[in-house]
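*Asks:* Take 1 as the starting number for the sequence shown in this note's numbering and just add one per residue.
Do not rely on the hints blindly, as some may be mistaken.
To be verified - Once the Cα atoms are required to be at most 30 Å apart in a straight line, the calculated DSSO-like pairs of lysine-lysine come out as:
| # | residue 1 | residue 2 |
| --- | --- | --- |
| 1 | Lys-161 | Lys-100 |
| 2 | Lys-234 | Lys-70 |
| 3 | Lys-43 | Lys-153 |
| 4 | Lys-70 | Lys-32 |
| 5 | Lys-153 | Lys-202 |
| 6 | Lys-60 | Lys-70 |
| 7 | Lys-174 | Lys-52 |
| 8 | Lys-43 | Lys-32 |
| 9 | Lys-100 | Lys-153 |
| 10 | Lys-174 | Lys-126 |
| 11 | Lys-202 | Lys-174 |
| 12 | Lys-155 | Lys-126 |
| 13 | Lys-155 | Lys-174 |
| 14 | Lys-202 | Lys-234 |
What the hints assert, rightly or not - Restraint ranges, calculated between C-beta atoms of paired labels, are given here:
| # | residue 1 | residue 2 | range |
| --- | --- | --- | --- |
| 15 | Tyr-37 | Gln-13 | 18 to 28 Å |
| 16 | Thr-203 | Asp-176 | 16 to 26 Å |
| 17 | Gly-235 | Lys-32 | 49 to 59 Å |
| 18 | Lys-153 | His-24 | 48 to 58 Å |
Worth flagging that the hints you see were computed from the coordinates, not collected in a lab.
C-beta: ideal position from N, C-alpha, C; glycine also.
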Amino acid sequence: MIVQERLTEACQQFGLVRIPEIIHAHAEEAAKQNISYLEFLDKLLQEETLAKNERLIRTKTRMAHLPYHKTLDQFEFNFQPSIDERRIRDFATLRFAEHKENLVFLGPPGVGKTHLAVSLGIEAIKQGHTVYFITAHDLVQTLQQAYLNNTIKRKIKTFTKPSLLIIDEIGYRKMDEAAAHFFYQIVSERYERGSIILTSNKTYGAWGEIFGDTVLATAILDRLLHHSNTINIKGESYRIKEKKKAGYFRPESTQETN
Numbered sequence: 001m002i003v004q005e006r007l008t009e010a011c012q013q014f015g016l017v018r019i020p021e022i023i024h025a026h027a028e029e030a031a032k033q034n035i036s037y038l039e040f041l042d043k044l045l046q047e048e049t050l051a052k053n054e055r056l057i058r059t060k061t062r063m064a065h066l067p068y069h070k071t072l073d074q075f076e077f078n079f080q081p082s083i084d085e086r087r088i089r090d091f092a093t094l095r096f097a098e099h100k101e102n103l104v105f106l107g108p109p110g111v112g113k114t115h116l117a118v119s120l121g122i123e124a125i126k127q128g129h130t131v132y133f134i135t136a137h138d139l140v141q142t143l144q145q146a147y148l149n150n151t152i153k154r155k156i157k158t159f160t161k162p163s164l165l166i167i168d169e170i171g172y173r174k175m176d177e178a179a180a181h182f183f184y185q186i187v188s189e190r191y192e193r194g195s196i197i198l199t200s201n202k203t204y205g206a207w208g209e210i211f212g213d214t215v216l217a218t219a220i221l222d223r224l225l226h227h228s229n230t231i232n233i234k235g236e237s238y239r240i241k242e243k244k245k246a247g248y249f250r251p252e253s254t255q256e257t258n
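Go ahead and model the full structure; you've got the sequences and the hints to work with.
*Replies:* Laid out in structure tokens, this is it:
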């Protein structure tokens with residue numbers, strides 16, 4: 001009991017959480033299989049390291065504010081033939097983030113832009129990157145509130161600090177002048193320092209309308225697209241597909257006329 005108490009106390013002191021849970025089972029196994037002391041210690045430390053990484057991933061995932069947990073394996077590439085699966089899988093290596101490049105997913109609503117962005121965010125977290133997800137609408141509201149509270153500089157740092165920033169749904173609402181300039185500042189601060197993933201239902205030619213200023217939109221695109229990859233998605237909405245499966249979309253019956 002004294003040894004067990006000392007081990008428990010030592011584990012607590014060094015912040016070891018998993019070892020106290022498994023040490024007795026591993027000790028019995030080591031005794032039965034005549035495992036060496038070094039191999040016994042190695043197994044304990046390997047499990048502790050694995051548990052620590054899992055806790056870190058859970059913490060980073062929570063702090064990323066992802067709207068849901070969807071992986072690339074859950075994406076129906078066969079339903080969207082305009083998407084090059086091999087290219088997306090290459091993005092999942094996170095080389096683009098290491099090179100401080102940006103990704104932009106363009107396409108109509110419901111084609112999987114957000115799913116792909118979230119999936120890449122999950123992969124980034126697994127590979128040790130910090131990630132922050134926010135919709136363009138929430139970003140604008142957050143920046144406007146920070147401006148009113150005189151905390152805008154600190155809030156902008158929130159969006160420039162992560163190694164990967166995901167901004168979803170650019171183009172659903174027009175930005176006012178102040179919000180557009182704050183957005184430009186975020187893009188400029190992250191230029192060649194951190195990657196951005198953007199999703200938008202608007203082509204680049206319509207971004208002048210989004211930001212209410214063609215000159216400002218051009219300046220944003222100039223920095224955003226300098227080191228970037230654009231993925232155009234053309235296809236049917238997943239949500240409409242599910243509605244069709246459920247029978248909500250049925251062809252109108254034709255009636256014969258005499």
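*Asks:* Return holds or violated for the Cβ distance of Lys-153 and His-24 against the range 48 to 58 Å.
*Replies:* At roughly 53 Å between Cβ atoms, His-24 and Lys-153 fall inside 48 to 58 Å, so the hint holds.
*Asks:* Just to be sure I understand the hint, the distance between the Cβ atoms of Gly-235 and Lys-32 should be within 49 to 59 Å; is that true here?
*Replies:* holds (57 Å)
*Asks:* Looking only at beta-carbon atoms, does the pair Thr-203, Asp-176 fall within the given range of 16 to 26 Å?
*Replies:* Roughly 22 Å apart at Cβ, these two residues keep to the hinted range, so it holds.
*Asks:* Given the proposed pairing of Lys-60 with Lys-70, does the C-alpha separation stay at or below 30 Å?
*Replies:* holds (16 Å)
*Asks:* Is Lys-234 within 30 Å of Lys-70, Cα to Cα?
*Replies:* Distance ~21 Å between Lys-234 and Lys-70 Cα, so the pair holds.
*Asks:* Falls inside 18 to 28 Å, the C-beta gap from Tyr-37 to Gln-13?
*Replies:* Roughly 21 Å apart at Cβ, these two residues keep to the hinted range, so it holds.
*Asks:* Would the hint linking Lys-43 and Lys-32 be met if the CA-CA limit is 30 Å?
*Replies:* holds (15 Å)
*Asks:* Please verify whether Lys-43 and Lys-153 have alpha carbons no more than 30 Å apart.
*Replies:* Violated, because 47 Å separates the two Cα atoms, which is more than 30 Å.
*Asks:* Take the C-alpha atoms of Lys-202 and Lys-234, compute the straight-line distance between them, and say whether it is at most 30 Å.
*Replies:* holds (12 Å)
*Asks:* Would you mind confirming whether the straight-line C-alpha gap from Lys-155 to Lys-126 stays at or under 30 Å?
*Replies:* holds (26 Å)
*Asks:* Mind checking the alpha carbons of Lys-174 and Lys-52 for me, to see if they're no more than 30 Å apart?
*Replies:* Given pair Lys-174, Lys-52 is violated - Cα atoms ~43 Å apart, limit 30 Å.
*Asks:* Next pair to validate is Lys-202 with Lys-174; report whether the Cα-Cα distance is within 30 Å.
*Replies:* holds (11 Å)
The structure is inconsistent with the numbered hints 3, 4, 7, 10, although it conforms to all the rest.
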